Each structure stands twice: as structure tokens, then as C-alpha cells.
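Visitor: The hints should help you fit chain B onto chain A, whose structure is shown.
Residue numbers (our numbering), protein chains in the order written: chain A, 59 to 170; chain B, 761 to 875.
Simulated from the structure, these hints should not be mistaken for lab results.
Treat the numbers as computed from the prediction; the structure is a model and nothing was measured.
Careful: at least some of the hints might be erroneous.
[Stated by the list, open to error] Here are the simulated lysine-lysine pairs, DSSO-like style, with alpha carbons at most 27 Å apart:
#, chain 1, residue 1, chain 2, residue 2
1, A, K114, A, K84
2, A, K84, A, K128
3, A, K84, B, K817
4, B, K817, A, K128
5, A, K114, A, K127
6, A, K84, A, K127
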Amino acid sequence: SQQGEEDPQALSIQEGENATMNCSYKTSINNLQWYRQNSGRGLVHLILIRSNEREKHSGRLRVTLDTSKKSSSLLITASRAADTASYFCATDEAGTGNQFYFGTGTSLTVIP
Amino acid sequence: KAGVTQTPRYLIKTRGQQVTLSCSPISGHRSVSWYQQTPGQGLQFLFEYFSETQRNKGNFPGRFSGRQFSNSRSEMNVSTLELGDSALYLCASSLVGGRSYNEQFFGPGTRLTVL
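Here chain A stands alone, though its shape is the one from the complex (with noise of 0.2 Å):
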């Protein structure tokens, strides 16, 4: 199957530091996006990135992707004890569709 993974699986840094994960997926992909769901609940889409896309912003949150390693990366700038929550790479396999495939989930903490 084509279950991405993220790295590390687990992170705790201090309030206003960067925060940076890591996924990398198995097979050729149309889009990678990232999710973040908080204790027990449901995902919030933060961003998409396209295949033929290598960087993309979204307030702070920047997001890269090498498909040559067929890895993307999240960057989460001056963090919050907000942005405490698991983090998500989803990828959609190409050809398959709307069959999205998640990572493992990187488990974010941020002490203020």
C-alpha cells in the first residue's frame, strides 16, 4: 500500500520555535497534503501541494516537496501551545483518485 510515514513520530519544542516533520510515500502521487487533528477528533486540511509544485506557503506553515525522494516537509513557524496536535501527510496514489493514503502522524507538542 502507499501509507506514507512521518518523522519524527514524536516532537516537543518550546512556544515561538519552529516546528519541522517530515513524510515520505512509497509510490508516484497527483497531490500530498497535510492534516492536523487534535486529541481524538477530526482533520483540519492545512495544505495541498501539487506534484509538479516544490514549495508552497500558507500563513506559517510552509510546505516542500521532492518527489525525486519522494518526500514532502512541514515547517510550522513561531508555534504556538496551539499547534499541539498530530500531523497528517496524506497522499492520493496517481490513478487511484480520491483514495487518499495517511501517514503514521507526527505527534506535535508545544510548551508555552
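Guide: Then chain B, alone, in the frame of chain A:
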């Protein structure tokens, strides 16, 4: 617009029973996908429905089934429940689905516990 709603939010069942979960997508959205989330396996795709037809299916046994109604509301059913079916079941809706990308909006999930 109201978001994706899922009912019930919490459910406790015993092994061998069957359960039906419901998902109401955002108004106008025609694609509904279901996911199972467990600590061990993470988020796994169950199936996607579009215009009352199952378009994509994940790697789950036949005990897991679903359907979609003409108003795009969807239900998923799990028969002969097993302990391992305990999970958070998430529903996501998107405008179109299929080969065209559309952002998926997730509901809060149904927490199923099988005793």
C-alpha cells in the same frame, strides 16, 4: 455552511453485534469517504461513495460495507463485530471526488468500542 456531521459520536457494542454509522456531508458535496483510525494501524481508507456508487474500496473484509443515499448522506455498516474493530471512524466529504482533486472535509468521527 454546516460542516460534516457524524452520528452517533460514541458507541459501545459487544462482539458479534452489528453497527451502523451515519455521515451527513457538507451541503452540495457528492463524494463521501470513510476511514478507520486505530493507534496501531493509523488512518486507513475504507471506501468512497460518489452519486450513490462505491468508487473506491480499501483493503477491508466484507464485514465492512456502506451505501450512499440520493441526498449524499452515507452510512457504513460493520457486521459481526470483532474486538479489533474498536476505532475512530471518520467520514470526509468533498465536492466532486473521483479523478479530480477536491479538498476533503472531515467530520468529528464516531468512536466505536467493541467489548
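Visitor: Decide, hint by hint, whether the structure agrees.
Guide: Hint check results:
Of the supplied pair hints, the one linking K114 of chain A and K84 of chain A holds, its CA atoms being roughly 21 Å apart against a limit of 27 Å. This hinted pair checks out: K84 of chain A and K128 of chain A have alpha carbons roughly 7 Å apart, not beyond 27 Å. Taking the CA atoms of K84 of chain A and K817 of chain B, the gap is about 19 Å. The hint holds against a cut of 27 Å. Restraint check for K817 of chain B and K128 of chain A: satisfied, since their Cα atoms lie roughly 24 Å apart, inside the 27 Å limit.
The straight-line distance between the Cα atoms of K114 of chain A and K127 of chain A is roughly 17 Å, inside the 27 Å bound, and the hint therefore holds. A hinted pair counts as satisfied when its Cα atoms are at most 27 Å apart, and K84 of chain A with K127 of chain A qualifies at roughly 10 Å.
The structure meets every hint from the earlier list without exception.
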